[in-house]
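A.B. asks: Letter by letter, the chains look like this.
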Amino acid sequence: MSAPLITDIAQAEQGTSLWRDAWLRLRRNRLAVLGLAVLCFFVLVALLTPWIAPYGYAQQNLELGATPPSAAHWLGTDIFGRDLLTQIMYGGRVSLAVGFIATAVALVIGVTWGAIAGYAGGKLDAAMMRLVDILYALPFMIFIVLLMVVFGRNMLLLFLAIGAVEWLTMARIMRSQVQSLRQQEFVEAAISLGLSPATIIRRHLVPNALGPIIVYTTLTIPSVMLLEAFLSFLGLGVQPPQTSWGLLISYGAESLEEYPWLLLYPGLALTLTLFSLNFLGDGLRDALDVRGAKD
Amino acid sequence: MLSVENLSVSFVTRMGTNQAVDDISFTVQSGKITAIIGESGSGKSVACYSLLGLIPQPPGRIDGGRALFNGQDLLQLDTDELRKIRGRDIAMVFQDPMTCLNPYMTIGDQLMEPLRYHKKVSRAEARARALELLDEVGIRDPASTIDNYPHQFSGGMRQRVMIAMALINEPQLLIADEPTTALDVTIQAQILALLAALQKKRDIGVLLISHDLAVVADIADQIVVMQQGRIVETGDRDAIFRNAQHPYTQKLLQAIPRGGKPVALPVSEPLVTVRNLCTWFQSDKAPVKAVDDVSFDILRGEVLGLVGESGSGKSTIGRSLLRLVPVTSGTVHFDGIDVTALQARELKRLRRRMQFIFQDPFASLNPRMTVYDTLAEPLLLHDIETRSTVGAHVLRLMDDVGLARAAVRKYPHEFSGGQRQRIAIGRALATRPDFVVADEPVSALDVTIQAQILELMRELGREYGLTMLFISHDLAVVRQLADRIVVLHRGKVVEQANTEDLFARPQQAYTQQLLQSIPGRAVRTL
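If you read the sequences in order, they're chains D and L. Okay, so the first sequence: first residue is 13 according to this note's numbering, each after it adds one. Okay, so the second sequence: first residue is 369 according to this note's numbering, each after it adds one.
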């Protein structure tokens, strides 16, 4: 048994928490730790990019044109003679920010909305879920174009807009989880103790619904990154000379035959991120499942 | 007829090898009922399933032994040969009649299937045979019900259909795995009587698997007691009951509930007063009257038993008293306060004084909360302790309910059923309530554990000065704990009386029927 034994009161008073136990278990999962390390590295690089990038992101050398990797330009240059490593570093700032912030928005809204609807049931549930259905039915492009037109093009708004679309599925997943969980006796036990609905949702329902939510979250982050690339491609997202991984990949794909490195390296950055996310997500899910292999 | 010799079965998992059945030998004689008794995990089902090749391999593995059935070693047969024997010479009846019938096939078709598969008879002949058997197992008017679907039958009727299905090929051996565990007591008594009658009439061998010694006591000829994969004792029923040798068998016998509560309490004033309580559930047509105009009192300091079969509304009453389900009409007064009229805030304050113990300790504990958090929650919520002082209180609770302090950081899945129920009891008693509703608190537990939990509840009840509403389908269990008993039937009170009066002089026909259905009469008369 890995759980520390408690023999005296002083130790017991520290209490326990699901998250601390989960962290202890996560640390034993090598792949998940590796994933976490890679993600942390990418985030760190993204944060420090303005100070550590070898060149400016708009700095061109038109005479140079597209060159393969060299000592001066480690990952080569693009057709305008811009340093690819710099581009990937600056692009990572946008892609990671979109991925994490938009997903966080989706997570917070979706989980809260779904949990309330699922727990309340009845008319409130019906009303809340009909709203979700209506938003589902709205063509998402029009929704984002409208937002952009009304509020002007704005990075933060882009995050919010994507998050506002992605939370719908999250809400549905959460609601179905909560609906089945609230039938269980431990929820009734919590009611009979006198806990308020908010506490019941926070302490008893959400922790038990985390498995599917985490898996879906790790799927949402990449899909949000790709969505951003798509929007940028249409001219609704970031615009040159600003860039993102999605944009770099789509430009790289156009010149795949002549300059393969333009696709290879941004693609590698995205793939590494996605792999890390998946490993971390799987690890987290297992770590949070207290019934998992504890011995 | 069936002779099992030195059978060993193990399960190989990543965690290591688990010896489920360890070198057991027993025989089943034709014309006798042999019962295998054991608690969950004792290997009784695995032993019987492995005879028919019904355990998945891997992870299951038969390590050795023989199972001679009419001179043929069942363990050596290949799957085709086994399939011929299964259903024709050896038939099975399973525990849960709700899930063992295909919901999309009429019972007639399901009955005819094994017959036509094994004997190649015509459809008309098979149907005639099916009708005969349905009649024999006591299905009323088989000609008109044979084309019905399983959902149109009650649990007891479905179990009869399952028995008919098992018998349709005239097997020589019938294996019945906990055939009555999922059924109400009165139905259980009927099914057991039916099994015994059919066995006698056909003079076949029956292998009855059960966790409940009382259930098999009335009909078994031979008893095999299993514990942790081994057979600890074998013998005639009378020999086992009169003169059990092995301590485990003696423990099982002692766990059979009998006798009443030792001391009766002096009469006191009512703590809970229920008047004209109705709890109806909305449905598409007429509302379901789960509780229909029920009135009774619970006196301060007493244990009131609430008895009834499934669907009698006993759980709904318990939940109504604590406002866990909305009450349709009527009043519930707790210590002079009308519970049905309370606002959320006042209700929360009252919840400290009235608590609920649930039936299934596997469902009533949050799987993601440690014991510590589970027990600390009510203490913190009602400001009985602060974060810095709650630890000591939690450990005291652990002592009270008989759990090791060292286990405080474990999660519910790391405990056995009985230990989990101790946690649930600890949670309910944490706030030192005046009144506790216990809804079938021991029915999901093994018999020996059941006896321990009942003992714990009796002790804590005295120590905490509890008033208790004890809900159960099992009269024998209620008798051990309750001072008075209220009998429910279809949402209405049939009879209420002091426990001993009720057992000695039941007034209503329904109560008499319930009393007669208590299994284990043979044990008590010995």
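Just to be clear, a hint being listed does not mean it is correct.
Far from chain L, by Cβ distances over 10 Å, these chain D residues were calculated [said to hold, decoys possible]: (1) Ile113; (2) Met160; (3) Leu207; (4) Pro219.
Computed footprint of chain D on chain L; a stretch qualifies when at least three of its residues, placed anywhere within it, have a C-beta under 8 Å from a C-beta of chain D [what the hints assert, rightly or not]: (5) 726-732; (6) 736-748.
Everything labelled a hint here was simulated from the structure, so no lab data went into it. This one's a predicted model, so the numbers in the text were calculated from it and none came from an experiment. For every residue, glycine included, the Cβ atom is placed at its ideal position computed from N, Cα and C.
A.B. asks: Does the structure break any of the earlier hints, and which numbers would those be?
C.D. replies: Violated hints (numbers, rising): 3, 4; every other hint is consistent with the structure.
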